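Make a model of the complete structure from these sequences and hints.
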Amino acid sequence: MLDTTEAPLEAPLEATVTIPGETLSRVSLSATAVELLRKLWTQYGPLMFHQSGGCCDGSSPMCYPEGDFLTSDNDILLGTFDISPSAAAGADSTPTEHQPINFWMSSEQFAYWSHTHLTVDVVKGRGSGFSVEAPEGVRFLIRSRLMETATPFV
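Our numbering puts the first residue of the sequence shown at 846, with every later residue one more than the last.
Cβ pair distances, simulated, as ranges:
(1) S897 / T941: 26 to 34 angstroms
(2) P891 / E859: 14 to 22 angstroms
(3) P865 / K969: 32 to 40 angstroms
With a Cα cut of at most 20 angstroms, we get these calculated EDC-like pairs of lysine to aspartate or glutamate:
(4) K884 / D913
(5) K884 / E942
(6) K884 / E911
(7) K884 / E981
(8) K969 / E880
(9) K884 / D927
(10) K969 / E981
For the record, the hints were derived by calculation from the structure and aren't laboratory data.
Please read all numbers here as calculations on a predicted model, not as lab measurements.
Glycine included, each C-beta is placed from N, C-alpha and C at the ideal position.
Next comes the structure, spelled out in structure tokens:
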């Protein structure tokens, strides 16, 4: 059973930096999100996130099997996570196959959120029927905070 408490979790998994000229990650996964994504990976294979609508903290990113949602030139790759156990454990662990998950956002949405760092978390509740976590009785949720050195999107 997943721990879906509302309290922020320790040691989030930061995404790699993918936006040219930036040095800080813009998106992370809570430990609960990593746990759920590993379970979903075994059911669906490679996964991806896309964040389109929503204007504030509490918005739900959609999680799809990789390639089921087609991105376009109007989407921005905010980062890539590696949820493999060896990536999370660090250099001292036994290597395992990488499990990359891209996090995409529409450029229109990014214009509103360019000053924030996003954390993907998991809460109890009904998710969207199209997002792969919906049958689990939980949904992904965005928690945001201001970035110290965010560059506004132009």
